[in-house]
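Sequence order for the protein chains is A and B. Under my numbering, the first residue of the first sequence is numbered 163, with each subsequent residue one higher. Under my numbering, the first residue of the second sequence is numbered 112, with each subsequent residue one higher.
Think of the hints as simulated: they come from the structure by calculation, not from any bench. Incorrect hints may appear among the rest.
Here are the computed lysine to aspartate or glutamate pairs in the DMTMM-like style, where the Cα-Cα straight-line distance is at most 20 Å [to be verified]:
#	chain 1	residue 1	chain 2	residue 2
1	B	Lys171	A	Asp260
2	B	Lys353	B	Asp316
3	B	Lys168	A	Asp302
4	B	Lys171	B	Asp209
5	B	Lys499	B	Glu351
6	B	Lys178	A	Glu189
7	B	Lys171	B	Glu120
8	B	Lys171	A	Glu189
9	B	Lys171	A	Asp240
10	B	Lys178	A	Asp240
11	B	Lys354	B	Asp436
12	B	Lys139	A	Glu173
13	B	Lys178	B	Asp138
14	B	Lys373	A	Glu170
15	B	Lys168	A	Glu191
16	B	Lys354	B	Asp289
17	B	Lys139	A	Glu170
18	B	Lys139	A	Asp240
19	B	Lys299	B	Asp553
20	B	Lys178	B	Glu190
21	B	Lys354	B	Glu408
22	B	Lys171	A	Glu170
23	B	Lys178	A	Asp187
24	B	Lys178	A	Asp230
25	B	Lys168	A	Asp230
26	B	Lys178	B	Asp209
27	B	Lys139	A	Asp302
28	B	Lys168	B	Glu120
29	B	Lys178	A	Glu191
30	B	Lys299	B	Glu202
31	B	Lys373	A	Glu191
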Amino acid sequence: MPARLPEEIVELIACGVDVYVATRDAELEPEALLAMGIRASADRTTLTVYLPSVLADLTCRNLAHNGDIAVTLERPIDLKAVQIKGHSIGIRPSTEADRELQTIYRAALVEQLGAVGVPRSVTRRLTWWPSLAVDVRIRDVFLQTPGPAAGAPMART
Amino acid sequence: MSVPPLTLESLWRCFEGIVPSALATCDKHGVPNVSWISSVTLVGDRHVALSRQFFNKTIKNLLENPKALLILMDPVTLESYRLRLRFVRSESEGGLFDAMSARILVIASHTGMLGIFRLLSADVFEVLELRHLAEALQAPGPVEAGDVAPVQAEFPVEERGELWALQRVVQCLRSTSDLGPLLGSVLKTLAEDVGFLHSMVLIPDESGRRLVTLESHGYGESGVGAEVPFGEGLIGIVAESKKPLRVSPLDSALRYGRAVRKSVAALASAGLSAEIPLPGLPNAQSQMALPLLCRGELVGVLACESARPHAFEAWHEAFLSVLTDQLAQGLQDAMMRDASEPAEVPGKLAAGAPAPSTPPNVSPAGPAPSVPVLVGSPSVIRSFCMYKNDDCVFVDGQYLIRGVPARILWRVLRFHERDGRTEFSNRELRLDPSLGLPAIRDNLESRLCLLRRRLELRCPELRLAARSRGHFGLDLQCRVAMVERESASV
Numbered sequence: 163m164p165a166r167l168p169e170e171i172v173e174l175i176a177c178g179v180d181v182y183v184a185t186r187d188a189e190l191e192p193e194a195l196l197a198m199g200i201r202a203s204a205d206r207t208t209l210t211v212y213l214p215s216v217l218a219d220l221t222c223r224n225l226a227h228n229g230d231i232a233v234t235l236e237r238p239i240d241l242k243a244v245q246i247k248g249h250s251i252g253i254r255p256s257t258e259a260d261r262e263l264q265t266i267y268r269a270a271l272v273e274q275l276g277a278v279g280v281p282r283s284v285t286r287r288l289t290w291w292p293s294l295a296v297d298v299r300i301r302d303v304f305l306q307t308p309g310p311a312a313g314a315p316m317a318r319t
Numbered sequence: 112m113s114v115p116p117l118t119l120e121s122l123w124r125c126f127e128g129i130v131p132s133a134l135a136t137c138d139k140h141g142v143p144n145v146s147w148i149s150s151v152t153l154v155g156d157r158h159v160a161l162s163r164q165f166f167n168k169t170i171k172n173l174l175e176n177p178k179a180l181l182i183l184m185d186p187v188t189l190e191s192y193r194l195r196l197r198f199v200r201s202e203s204e205g206g207l208f209d210a211m212s213a214r215i216l217v218i219a220s221h222t223g224m225l226g227i228f229r230l231l232s233a234d235v236f237e238v239l240e241l242r243h244l245a246e247a248l249q250a251p252g253p254v255e256a257g258d259v260a261p262v263q264a265e266f267p268v269e270e271r272g273e274l275w276a277l278q279r280v281v282q283c284l285r286s287t288s289d290l291g292p293l294l295g296s297v298l299k300t301l302a303e304d305v306g307f308l309h310s311m312v313l314i315p316d317e318s319g320r321r322l323v324t325l326e327s328h329g330y331g332e333s334g335v336g337a338e339v340p341f342g343e344g345l346i347g348i349v350a351e352s353k354k355p356l357r358v359s360p361l362d363s364a365l366r367y368g369r370a371v372r373k374s375v376a377a378l379a380s381a382g383l384s385a386e387i388p389l390p391g392l393p394n395a396q397s398q399m400a401l402p403l404l405c406r407g408e409l410v411g412v413l414a415c416e417s418a419r420p421h422a423f424e425a426w427h428e429a430f431l432s433v434l435t436d437q438l439a440q441g442l443q444d445a446m447m448r449d450a451s452e453p454a455e456v457p458g459k460l461a462a463g464a465p466a467p468s469t470p471p472n473v474s475p476a477g478p479a480p481s482v483p484v485l486v487g488s489p490s491v492i493r494s495f496c497m498y499k500n501d502d503c504v505f506v507d508g509q510y511l512i513r514g515v516p517a518r519i520l521w522r523v524l525r526f527h528e529r530d531g532r533t534e535f536s537n538r539e540l541r542l543d544p545s546l547g548l549p550a551i552r553d554n555l556e557s558r559l560c561l562l563r564r565r566l567e568l569r570c571p572e573l574r575l576a577a578r579s580r581g582h583f584g585l586d587l588q589c590r591v592a593m594v595e596r597e598s599a600s601v
C-alpha cells in the first residue's frame, strides 16, 4: 500500500512552492535540481515533478540507474515545507497538457517569490520549458518546516 | 575580453541569503535527502560552513556518507551555482561558530526565542567543484508595471571613495575634541561620502548592561536617547559579543525565525518571549553593527540601517572596521581629555560640594557668574519632574532622560534654583557621590553629551553649553519649575 499525500500538502502544492529534487548515483554521490512544476495524482499516491530538460541530464541518469528520489517543497512566504521520499516510475517528455499545468505553477511561484521581494521579472527568467515529467511513487512524507519538529513523518508506506 | 574565473568569493551575495540554498545528501543505503539551508558561510577560499540548529537527517546522512551537493542562488538575479562538497567537520566552538551563532542569536532575539533557538554547530565542507548553471536562466524579459524593482548594488565599485571617506572621518576626529560635534560630523560624513543614510552611535550606560544612543543621523528626533539592552537584537548582541554583524535581508531572517517559533510553539508553549520590535527604521531590510573597541574594551557600538535588502556588503563591514578603530580611539580620547581636566575649578563651588538637597557647606558668595542667570522671555515656563524610583526626568510630561544624565541635570537645576549658579565643572560632578558615577572610566563627557542632545530635542530653551575644558554653563531662556515624585505610577 503506497503512502498517500495528506490533503494539506496537496493544497500547499497548489499555492506556488519552491521544489527541489535530489537523486544519487551508483557511488552515492547526491545530485539536486530545481524543479519547475509539481502535481499530485488524484489518489495522492504519486507525484509528477517537471524538470527543465536542459539541466536534467545527471538527474535522469541517476533515476535510470536506481530510481531513488527525494522531493522537497517549501512555501516562501512562511517556509512551510515537506519532503517526500519515493521511487521514480517513469520519465517522459512533457506534453502540452503538462505545459499548461507548468504555466499555472509558474504564475503561482512568481507571485509567491514576489511577496518575499524577488522581482517577478527575475523569477520569470527561471528556465522551465521544454521539460521532462518524472512520475514518482510516494513512499514517505516528512514535515520539513524549520524547527524542532522537522523530520517528523506525516505519511508512510 | 577574458571572463574572470569563478570563485566562491565572487558569489558573496549568495552567502547573504533571501533564497534559501538546497543541500542534497544521501544515506549509506542510497536514500537521497534534500534540505533547505538558511545560512551558508564562506570559509576561506575553498570551504563553506552551513548552520545547523537542530539534529536532523542531513547530519545523520553526512556522518554516514560525507558527499553532498549544494545549490546556491543569487538572491538578486537568481543565477544558480552548483557546489559539489565533502563534509569535513562540525564545529561547536571557536571563531567561525561564534560568528555564525551571533546571526542566529539576532533572529532568536527578535523573534522571542533566546535560549530556545540556537546554533548547534557550524558544519564545514570542502568545495570540490564549483559550476555556474548558466542554462538555469533565460534571457531577461520586460519589467511589468508594479513589479518589485530589481535590486542594484547600492554603491557601484567605481564610485566608492573609501579612502576619501576615511580621510574625512579622520579629519573630523582631529578637528574637534567635543564629543557631540565629533560624532555628529562623523555620521554626517558616513551619509554624504559613503551613503549610509541611517546610522547611530550608542554607548554603554552606567549599568554596563544597556546601550543608549548618543548620536544618530537619519532618524529625525527619535534617535538620540533610544536604548538597547545588551544581548538583545543585532545591536545588543554586537555589544555583548564585541564582534561585527550584518543581517540582510531582515525580512527573510525574520520569516525563518517566525517559522521556527511557530514550530516550537506547537510543541511547547512555555519559554517563548514576545517578539521585540526592531530599533530604528520601521522598514529596515539591512542592518549592520560594529563594536567600538579600545584595547579590547567596548566603548560603544556603531549601527547602520537601510531600507534596501542588500545595502551592506562584506566590503562595507571591512571598511567600517577600519573606521570604527579610528572612531573608538576618538571617543576614548575625548573622554580621556575630559577626565584629565585641570584640578582648578573656576566658579562658585569648590570640588566636592554636596548636592543641593542637603545644606551647602560652602559660601554662596564668590565671583559673579560670567553668564546671565536668566535670559530670554520669562513668560516661558518649562516644568521638570524627577521620578526618583524610576531615576528619570520628564519635561512638560514628556520623557527626557534617565540615569546619570538625569541626576546631573537635576543637580544643576537644584543649584541654580537655590543659588542662581550657572557655572559648573566636570570635576565637581565627579566628586559628587549622589550622581553615582563610577570611580574609573565614568564616561562623564558622553553622559553630558547625551544630556545636551536630549535637551536640544525636548527643551531647547535650556542649554548646557561647553565653556572651557572641563567646564560648562547653564544657559536658560525660560523659567524652570521643578517637582520631585517617587514614581511615575504614583
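Given the hint that B/Lys178 pairs with B/Asp209, does the C-alpha gap stay at or below 20 Å?
26 Å, violated
Just to be careful, I want the Cα atoms of B/Lys139 and A/Glu173 compared with a cutoff of 20 Å; is the pair within it?
33 Å, violated
For a C-alpha distance cap of 20 Å, please report whether B/Lys168 and B/Glu120 respect it.
29 Å, violated
Between B/Lys354 and B/Glu408, is the straight-line Cα distance small enough, at 20 Å or below?
The given pair, whose Cα atoms are some 12 Å apart, holds under the 20 Å limit.
Quickly compare the C-alpha distance for B/Lys299 and B/Glu202 to 20 Å and report which way the hint goes.
Not OK: B/Lys299 and B/Glu202 at ~41 Å, beyond 20 Å, violated.
Given pair status - A/Asp260, B/Lys171, alpha carbons within 20 Å
With a Cα-Cα distance of about 36 Å, the restraint between B/Lys171 and A/Asp260 is violated, given a limit of 20 Å.
Can you confirm whether the C-alpha distance between B/Lys178 and A/Asp230 stays at or below 20 Å?
16 Å, holds
Holds or violated: B/Lys171 with A/Glu189, Cα cutoff 20 Å?
18 Å, holds
Given hint B/Asp289 paired with B/Lys354 - CA-CA distance at most 20 Å
This hinted pair is violated, its Cα atoms lying about 27 Å apart.
Are B/Lys178 and B/Glu190 close enough, with their CA atoms no more than 20 Å apart?
With Cα atoms ~23 Å apart, B/Lys178 and B/Glu190 exceed 20 Å; violated.
Is the hinted pair B/Lys139 and A/Asp240 satisfied, with a Cα-Cα distance of at most 20 Å?
32 Å, violated
Would the pair B/Lys168 and A/Asp230 pass a check requiring their Cα atoms to be no farther apart than 20 Å?
16 Å, holds
In summary, the structure is inconsistent with hints 1, 4, 5, 7, 9, 10, 12, 16, 17, 18, 19, 20, 22, 26, 28, 30, 31 from the numbered list given earlier, while agreeing with the others.
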